[in-house]
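Since the structure of chain Y is provided, determine the placement of chains W and C on it from the hints.
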Amino acid sequence: MWVFPVLVLATLSSWLLGIEGSTSTLIGCAVVVIALIKVRLVGLHFMELRNAPAALRGAFEVYVVATGATLLTLYLVL
Amino acid sequence: MSRRILTVCASFGYLFIGLFFAALLIAHWIPPMAPSWSAERVAAFYTDHANSIRAGLVVMLVGAVATAPFVAALSSLIRRIDSRLEPLAAIQLVCGAANVAAIFVPVLIFTATAYRPDRSPDITMALNDTAWIMLVMNAFPAVGQAIVVGVAILADKRPTPLLPRWAAYLNFWMAFLFLPSILLTFFKTGPFAWNGILSFWVAAGAFGVWFLVMTPLMMRAAKRVDDDRAPAVLEPVA
Amino acid sequence: MTATAARTEHSAPQRHRHIPGEPGLWVFLLGDMIMFSVFFGFVAVLHGRHPRMFRTSQQALHPDLGLLNTLLLLTASALVARGLRQLRSGRPARTLPWALLCALGFAAVKACEYALVIRGGHTPSSNDFFMYYFVFTGIHLAHLAIGIGALTVLIVLSRRPALSRGQLLAAEGAAAYWHMVDLLWLVLFPLFYLVA
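Residue numbers (the numbering used here), protein chains in the order written: chain Y, 22 to 99; chain W, 15 to 252; chain C, 4 to 199.
Simulated from the structure, these hints should not be mistaken for lab results. Incorrect hints may appear among the rest.
What the hints assert, rightly or not - Below 20 Å or equal to it, Euclidean Cα-Cα: the simulated SDA-like pairs (lysine to any residue) are:
(1) W:K237 / W:R94
(2) W:K171 / C:L172
(3) W:K171 / W:S97
(4) W:K171 / C:G27
(5) C:K113 / C:G141
(6) W:K171 / C:E25
(7) W:K202 / C:V48
(8) W:K171 / C:A173
(9) W:K237 / W:L226
(10) W:K202 / W:R55
(11) W:K202 / C:F133
Bound conformation, chain Y alone:
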């Protein structure tokens, strides 16, 4: 199962990015994007939504994209 190691690596990398304390918007956005990729992995593989009917999987994908887009917009605009 490759998902768990990937999730751990993603967590460690965003942690390393974050504790630098960098105030760069780019790093902030990278951390958000990594978080949502992790969310998608958990949803598709652990929650098994990749095998779910299109409507349910689609609703989840829309959720991930909408949440990510909203957060990125807020970080970039404000």
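Chains W and C alone, transformed into the frame defined by chain Y:
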């Protein structure tokens, strides 16, 4: 006969939502006043809108009573899911009754506030605070009600349950959405204040959605219950 | 239907579309997730409006404890996913109690962190950052508490020799709920601890 009574009682859900939100609009409460307003601003608001506030409150008072038949129909349906669910039907009825009071009491305090808007602003503000807190922080009976309704729906073991199972999960979600308003006691600004996104807008929206979803589901369920007839007139012996 | 019969239903996941748990549960799960997205939005808005206050307040948190908690939840989720697969195929699901241990570990670490932050002189009334921090992570912790209940249900079900179709759906639902607890923390953690 019981089918028709149940259907009519359930349909009061629509009447309630119509009256409740109409009242909020008539009384200029959408958007709601902010808890951060000064006493003078609160008093001026009541002076400027005295009669529309009074009229809105009367509409809301009528609306509060309209929840009674709806709640009674819901308890009746819970009992028909399974007669052993009687205690759940009773809890639902108690919480529903508490909800009537939870609307009634603050509306009467608002009425008292709007009764003499020219009094000392500090007193108007104190009354206004009391009424708003009672109107928004009254979520707990509704939380209990939503959870009990959800549990009752899930307890339906028939192949086609009287109320659909997704409605149970919707009730649990609603219970969660009603909860943040209990935090309003700590805040005068922000999402948890009584005019905040989480305390007011999300909770009020969830409240509306709950009635708008449950009412048609209950009316449909009413069609399926045994139509036990009223005591029949004795047939004349031929 | 027993687990043996259920196995045939699940053994071909690539070809067979399957809703985990009962369909209605997803009304709650997706609804809850949307509500949390609103919470995330509040944190992002606060960060945008008061970047300096956000950054100085953030330094009172303990990112190492946050990291530990993230790893605990990810481990628990992987163990639950594995346990559910074993449960379906009728094998003993020995990983599930370890997942429960991770969940309890998360709660313990969170309690320590709350204590450290409060001892550092920061309470929900200090400023908006700590208000959001305590309220949103507190609501998440309440979800975790329910998740501990869900994991307990899973463990109890895994002790049965065979599962009915309803019990299998309950097990899948409990697992899906648990993964949601994990998933929500995956966003809360970086927003509060990492984005400076």
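Hints and how they fare:
no.	hint	result
1	W:K237 / W:R94	holds, 12 Å
2	W:K171 / C:L172	holds, 14 Å
3	W:K171 / W:S97	holds, 13 Å
4	W:K171 / C:G27	holds, 15 Å
5	C:K113 / C:G141	holds, 9 Å
6	W:K171 / C:E25	holds, 14 Å
7	W:K202 / C:V48	holds, 18 Å
8	W:K171 / C:A173	holds, 14 Å
9	W:K237 / W:L226	holds, 18 Å
10	W:K202 / W:R55	holds, 15 Å
11	W:K202 / C:F133	holds, 16 Å
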